[in-house]
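Read top to bottom, the protein sequences are chains G, P, E and Y. What the first sequence shows, in the working numbering, is residues 1 to 363, in sequence order. What the second sequence shows, in the working numbering, is residues 1 to 542, in sequence order. What the third sequence shows, in the working numbering, is residues 1 to 227, in sequence order. What the fourth sequence shows, in the working numbering, is residues 1 to 103, in sequence order.
Worth flagging that the hints you see were computed from the coordinates, not collected in a lab. Built from N, CA and C at the ideal position, the CB exists for glycine as well. Any given hint could turn out to be false.
Pairs of lysine-lysine, DSBU-like flavour, derived with a Cα cap of 35 Å [to be verified]: (1) Y:K71 x E:K101; (2) G:K119 x G:K54; (3) P:K491 x P:K28; (4) Y:K64 x E:K100; (5) E:K183 x E:K128; (6) E:K128 x Y:K71; (7) G:K54 x P:K425; (8) Y:K71 x E:K68; (9) P:K28 x Y:K12; (10) E:K121 x E:K99.
Output of the computed footprint for chain Y on chain E, the stretches with three or more beta carbons under 8 Å from beta carbons of chain Y [to be verified]: (11) 29-43; (12) 47-61; (13) 78-90.
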Amino acid sequence: MILESKSFQLFPEQASNFASQVDGLYGYMVVISAFFSVLVAFLIIFFAVKYRKKPGVNIPPHTDDHSIGAVLLEIAWSVIPLGLSLVMFAWGASIMFEESRPPKDALNVYVTGKQWMWKVQHLEGAREIDELHVPVNRNIRLTLTSEDVIHDFFVPAFRTKMDVLPGRYTTEWFRPTKIGQYHLFCAEYCGTKHSGMTGTIYVMSVEDYNKWLAQGNGEGSMAEDGESLFRQLGCGNCHRPEGHGRAPDLHGVYGMNVDLSDGTHVRADESYIRESVLYPQAQIVAGYDRIMPTFKGLISDDGMLKLIEYIKSMGNPNGVVSERPLTREPSDIQKTGPMALPESEYKAPAGGPRPSAATGKQQ
Amino acid sequence: MITAPPQVAEPKNYLNAETGLKSWLLTKDHKRIAILYLIVVSLFFALGGIFAGLIRMELATPAGDLFDSNTYNKVFTMHGIIMVFFFLIPSIPAVLGNFFLPMMIGAKDLAFPRINLLSWYIYLLGGAFTLYVLLAGGVDTGWTFYTPFSSSYSNGYVVAAGLGIFINGFSSILTGLNFIVTTHRMRAPGMTWFRLPLFVWSMYATSAIMVLGTPVIAVTLFLLVLERGLHIGFFDPAYGGDPVLFQHLFWFYSHPAVYIMILPSMGVVSEVISTFSSKKPFGYTFIAFSSLAIAVFGFLVWGHHLFVSGQSIYAGLVFSVLSYIVAIPSAIKVFNWTATMYKGQVRMETPMLYAIGFIGLFTIGGLTGVVLASLGMDVHLTDTYFVIAHFHYVMVGGALLGYLSGLHFWWPKMTGRMYSDVWSKVSAVLVFAGFNLTFGPQFLLGYMGMPRRYHVYPPEFQVLNVLSSAGASILGIGLILPAMYLTWSLKYGAKASANPWGATGLEWQTSSPPIAENFEVTPVVTHEAYDYSTVQEVVHIG
Amino acid sequence: MASQTVPHHHADETLQHHFANPEQQKDASTIGMWVFLLTEIMFFGGLFLAYFAYRQAYPVAFASASNKTNLWIGATNTTVLICSSLTMALAVHAASMGKKKLLMLFLTATLILGGVFLSVKGYEYHDKWVHHEVPGYHFDCEGCQDAGHTPLFFSLYFGMTGLHAMHMLIGFVILIVLLVQAKKGKYNEKWYTPVEMFGLYWHFVDIIWIFLFPLLYLIDRSGRGLS
Amino acid sequence: MSEHAEHHIVPKRVYFLVFFALIVLTWVTTLVSTIDLGSLNIYVALSIAIFKASLVALFFMHVKYGTRLTKMIVMCGLYWLLLLLFIAMADLWTRGWMGVPGR
């Protein structure tokens with residue numbers, strides 16, 4: 001453990017916006033549970049003593065359980081618990097919905113789980129392993145994915161967790177409220193060193209955080225890395241701006257609804273972008289031909305995240321995101337209007353699309 | 001084997017009707033098959049218990065000093081597989097249900113005696129696969145077999161373990177099928193549905209779950225085995241599969257399976273509370289229908305295991321609210337049991353002690369389940385020790401205590417012998433105390449965030465883990481005791497009377513132990529169940 | 001499955017000792033068989049769920065891969081299976097009339113038709129193998145769109161039809177047993193429960209195919225989702 | 001023991017009629033599948049399949065002449081099958097609604 005060992009404790013620290021909400025709900029439930037447990041225990045012991053069999057008496061009494069009173073009793077002890085538990089349901093659901101909707105201003109951090117470590121990439125380019133540095137009182141949105149099996153990003157002090165799935169992106173967000181160091185656990189069993197897949201969350205003051213960001217991170221930002229990957233893979237040959245290419249323009253596509261050739265539409269989120277790169281023929285944008293080769297096996301999970309971050313940044317009028325103080329919002333959904341998808345009349349140049357090494361059977 | 005040597009004056013009963021090993025291994029008598037099940041189920045329970053002990057020993061310290069992590073993972077996996085599939089699911093249905101369901105409805109046997117025997121052999125075959133896994137080197141997937149870990153990454157014997165459970169499933173299906181047909185068509189004249197003992201109602205509901213749910217886990221494990229061998233892509237994202245789909249299929253069975261474990265215990269407790277209060281169960285109809293309600297609604301809530309799995313939150317919303325609704329029938333039962341004691345004539349015999357322990361622990365288990373069913377709460381608590389504690393309160397505090405209660409209740413009938421009163425009460429108290437000390441602290445650990453299946457853990461969790469391990473040793477002693485005094489009673493126990501507890505069921509109206517075809521004359525039922533005015537003075541020893 | 005046929009009492013050879021009368025025994029077998037079929041529905045249900053889930057996820061791959069199946073062979077085979085269902089129904093009818101010769105004739109016909117179905121299925125499998133449409137090392141779905149996801153379709157194709165064929169094979173073995181028993185004159189108009197129960201099983205297997213046929217061969221035939 | 005299955009023998013004519021209907025429907029559904037009806041294809045094919053399966057169950061398997069219990073078992077089978085399919089699919093159908101990956 002990296003944390004200095006704490007002595008015995010009975011309750012986890014409250015270090016995020018969710019902690020007090022969850023604890024409040026927990027308190028309500030504990031009170032109700034304790035009330036019913038004690039009630040049942042008391043009645044059983046009381047009856048066991050009061051109505052214990054006395055020698056000599058052998059004629060059992062008969063209580064009428066079809067009387068109005070008995071039926072009312074049955075109804076009462078069905079309806080009252082139902083009412084109390086529906087409060088739990090509604091309360092719990094409202095917390096979960098809040099946990100599911102990251103605020104628009106949240107700072108994006110990408111996390112990749114891998115047997116048995118956490119790899120973290122910050123937009124500005126900083127990377128860390130089994131550690132996550134975040135500024136206090138700032139909404140943090142994690143985009144999670146796994147390179148192998150299912151993991152789970154669990155921070156008890158924040159009262160939140162989310163499964164980390166291979167081949168898909170999941171989201172988790174929180175706002176740390178207290179400076180300090182907190183446990184990060186993998187909560188979904190992931191193999192031999194599952195219990196070693198732990199880490200530390202460092203919640204820092206904004207100044208410390210900016211200092212930490214600045215030190216020793218000469219690499220480019222994720223979006224810059226993504227841009228060079230975009231060039232290396234030749235994506236720009238077809239995905240040209242303003243609909244001049246044989247493939248859709250990617251500017252501003254992130255977060256938009258994309259019309260597909262079969263008449264349906266799909267929201268262009270991280271998972272969609274990933275699917276479109278790996279299985280380009282699964283969903284064809286309306287008005288375009290089925291010409292894109294697959295990039296399966298040519299791009300790593302980390303690379304994919306960079307590519308996604310670049311595509312997200314493409315709609316941003318400021319261009320590529322680079323190191324920037326925390327005052328600006330990370331690229332997110334841009335209000336640039338619906339994506340223009342003109343009919344493709346542009347014929348492919350002789351070079352054609354970059355042929356895929358993996359499969360040679362595109363039409 | 002518990003064949004008592006035939007003595008000169010010993011009246012004929014199912015134990016001495018035929019002798020020799022062959023007469024046991026080829027028997028079609030439901031009572032003998034129940035005894036066969038009892039023996040093997042007990043062995044598996046002992047094995048699973050040893051693994052539990054090993055887990056608690058390892059967790060007494062934060063570091064991994066007893067095993068390496070690979071071994072630890074195999075230990076908890078084997079503990080889970082053995083306890084769930086080879087102890088909890090068959091325990092009450094295949095032992096107590098097999099023995100008493102036909103007797104309680106006044107039948108000579110189950111509808112399909114040969115299928116009943118076949119189900120025991122299938123169970124053995126499934127068990128053999130599991131033992132093979134154990135001896136060959138174990139499996140480390142956890143009993144939940146989540147993909148893609150189990151299909152592509154685990155180094156253990158996943159295929160053999162999967163096949164073992166797959167095969168064992170058919171044993172469960174056949175038992176359920178047999179019970180359903182028997183309940184429908186083998187009832188004695190006059191035994192109408194609302195004269196059935198509550199244990200029969202609960203076994204019927206259990207059987208319905210077995211029949212409807214088990215095939216789904218069978219096909220799921222079948223697909224998992226194919227996936228593992230051939231990488232056909234059903235559940236592995238690397239080939240386009242969806243691991244969450246596996247979880248849906250897995251929990252479609254495995255959540256209702258929880259009710260396969262707990263419903264029979266509820267049936268036992270209904271019998272025991274009524275008998276030892278000498279009073280008809282309060283709200284007979286409500287208890288009976290709540291069993292069926294649990295069987296039906298139990299199939300609608302599986303997704304509450306998937307709240308943070310990447311399942312749609314809207315699906316989670318529906319699963320959450322349905323989970324609250326399924327909790328209501330359980331609450332109804334608890335209140336009805338309590339009310340049954342009101343103005344009864346309560347006798348604190350050993351089965352009653354276990355039954356009361358059951359109610360207390362099951363109440364806590366159920367209420368913490370209600371805590372977990374809340375979406376926002378579950379996000380924090382799922383996959384932590386809170387869940388471990390919750391389901392052990394239901395599985396051990398509920399299912400196991402119910403099983404022990406039933407075993408003590410019917411032991412005189414099954415064997416014709418009484419066990420030690422003192423020792424059995426000591427054991428009941430030890431089990432109750434040890435259990436709470438073992439799993440109570442785990443609620444706190446879970447809320448603090450200790451994840452399940454952790455081999456090493458941060459030092460601040462140690463105090464509670466030590467408490468838990470200490471409790472486990474008390475629990476262990478409490479569970480070894482019955483094995484000893486029950487075995488002892490076979491030879492030295494006093495001979496039991498036909499109705500040692502003053503109970504009302506048909507099974508108590510024949511000799512202890514019963515004759516081969518249960519009743520001298522097929523009984524004719526003329527009044528409702530639980531009419532204690534017909535019971536004579538209670539005599540333990542006959 | 002439900003052939004509980006140990007002769008016991010002298011009065012009625014086919015009545016087992018724990019039943020009160022033949023009606024009770026027959027009812028028990030019928031209910032038992034239906035409950036067994038219930039488990040079979042759920043068993044196949046898991047596969048149907050997997051099919052719908054992946055068809056929803058990868059419509060293009062499924063549409064294009066399902067066009068690789070041979071429609072006419074599928075339809076012919078469906079016809080064969082329906083014929084075998086008819087002969088089985090007639091076999092049960094013959095048994096209920098106590099017509100031994102006719103019973104044997106129809107059982108044999110069922111056996112032959114079942115054999116034809118399996119042979120055709122075997123031919124289809126062979127065809128898939130030759131065209132590299134068996135998921136695995138040689139897999140190559142020539143001309144498929146979204147080829148990366150087509151192995152899922154073929155895995156389901158082989159999983160579902162394979163499990164169905166396995167049920168047919170089991171039925172085959174039971175059919176042979178029934179034929180031998182019928183020849184020995186075990187069945188008469190009072191007692192032919194095994195024939196009747198097997199009939200239920202055989203028709204159930206037919207029903208499964210009635211659903212497999214449209215799902216695997218038909219619903220994407222006209223090119224939904226293809227462009 | 002109130003509801004014995006009547007020893008009901010179905011006339012052969014019924015079997016042949018059902019058989020005829022099954023064969024005709026098989027070829028109808030086969031031919032319809034080659035016509036592009038857009039999203040209707042799947043509904044037509046499955047409706048015909050359900051109708052065919054009902055014919056087999058009602059007449060070949062004697063459900064029509066069976067006891068109430070038999071009918072109840074069949075309904076249970078359908079109910080639980082639909083439960084499995086629809087509830088699990090409901091997750092897949094609603095996964096994109098939130099617009100946040102993984103929710």
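Status of the hints after comparison with the structure:
1. Note on K71 (chain Y) and K101 (chain E): the hinted pairing holds, with a Cα-Cα distance of about 33 Å set against a maximum of 35 Å.
2. A hinted pair counts as satisfied when its Cα atoms are at most 35 Å apart, and K119 (chain G) with K54 (chain G) does not qualify at roughly 70 Å.
3. Restraint check for K491 (chain P) and K28 (chain P): satisfied, since their Cα atoms lie roughly 25 Å apart, inside the 35 Å limit.
4. Taking the CA atoms of K64 (chain Y) and K100 (chain E), the gap is near 26 Å; set against the 35 Å cutoff, the hint holds.
5. For the hint pairing K183 (chain E) with K128 (chain E), the CA-to-CA distance comes to about 40 Å; that exceeds 35 Å, so the pair is violated.
6. At roughly 40 Å between alpha-carbon atoms, K128 (chain E) and K71 (chain Y) are farther apart than 35 Å, so this suggested pair is violated.
7. For the proposed pair K54 (chain G) and K425 (chain P), the alpha carbon gap of about 20 Å is at most 35 Å, so the pair holds.
8. Between K71 (chain Y) and K68 (chain E), the direct Cα distance comes to roughly 39 Å. Violation of the 35 Å bound is thereby established for this hinted pair.
9. Distance hint between K28 (chain P) and K12 (chain Y) is unfulfilled; the C-alpha atoms sit about 40 Å from each other, more than 35 Å.
10. Simply put, K121 (chain E) and K99 (chain E) have alpha-carbon atoms about 33 Å apart, close enough for the 35 Å limit, and the pair holds.
11. Given as covered by chain Y, the stretch 29-43 of chain E passes the check, having 8 residues with a CB less than 8 Å from a CB of that chain where 3 are the minimum.
12. Against chain Y, the stretch 47-61 of chain E contributes 6 residues with a C-beta closer than 8 Å to a partner C-beta. That satisfies the three-residue criterion, and the hint holds.
13. Taking a C-beta to C-beta cut-off of 8 Å, the stretch 78-90 of chain E contributes 9 residues in contact with chain Y, enough for the three needed, and the coverage statement holds.
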